[in-house]
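Engineer: Let the sequences and hints guide you as you build the complete structure.
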Amino acid sequence: MHPFVRALLSSVLLAILFARFSYAAPWASPAKHVTHRVRTIGRDLKIEAYHPKSSFKIYGKGTESPSFKVKGSDLKVSMASFIASELGVDSSAIGYHSGHSEDVMSYWYGKQYHDGVPFANAVANAAFKNGEAVALGSSFVDTSNIASSSPSVSVDSIIGKVEDSFIATYNGISSLEIPSSNEETNAWYEAFVDAHSGEILSVTDFVAQATCTVVPITKASVAEGEETLVNPEDFDSSPEGWVQNGETA
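Those letters in the sequence shown? Residues -24 to -1, 1 to 225, per mature numbering (1 follows the signal peptide of the UniProt record, and there is no 0), in order.
Check each hint, because a few of them may be wrong.
[To be verified] 20 Å max Cα-Cα, derived PhoX-like pairs, lysine-lysine:
| hint | residue 1 | residue 2 |
| --- | --- | --- |
| 1 | 52 | 22 |
| 2 | 87 | 29 |
| 3 | 105 | 33 |
| 4 | 33 | 87 |
| 5 | 22 | 137 |
| 6 | 52 | 105 |
No lab work stands behind these hints, which were simulated from the structure alone.
Structural biologist: What follows is the structure, encoded as structure tokens:
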């Protein structure tokens, strides 16, 4: 089986979960600002991207309570077990991504999984001191209502639609998403597609535009008004721009 086909089979879980949470029920306007954001990309394509609501909990200086006291020699497994218990999910739904220990502190970063498939935007992180939990953050979602993992649309039809909508070209990387880019416009997207309907559900735009709110040089103070500058770099003095790969150039 082609690697991208295998990826598409897995992507259904992610794609349909987006659909369930994005469109399943009416949302009060203030509530949607927390989890939903409308993006306009490519050929006037408007996408209401969904970002799971996050939560954060602190445990003070730590506690002896067995409900979240980390035990055992395998710290990664112990941390995952603790997080599963706190979030009320099966341990198979948690996958380790990275972590490290320094002095008395240990840090764990992971993702939510379903049937071995990672979710792109459902993550968790935890901090432990002397083996006791002191903080836990997560954006895990409810997977009790999830669609079939078998796609109903062809791979070729999805890729073509994404390329046309984003005015970009699929770069051939096999993943749970469809990465595409446009070198002429310096665009790089990651599209999430419903593998049953072929609908584009969400997108990650990896290229950030620099926008600054400033007091114009002709004004004496902020009381006289502000001005918004978009990509204000001078390419004569900064030919590579001000930002490269998320860092100052």
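Engineer: So, against the hints stated earlier in the document, which numbers end up violated here?
Structural biologist: 1
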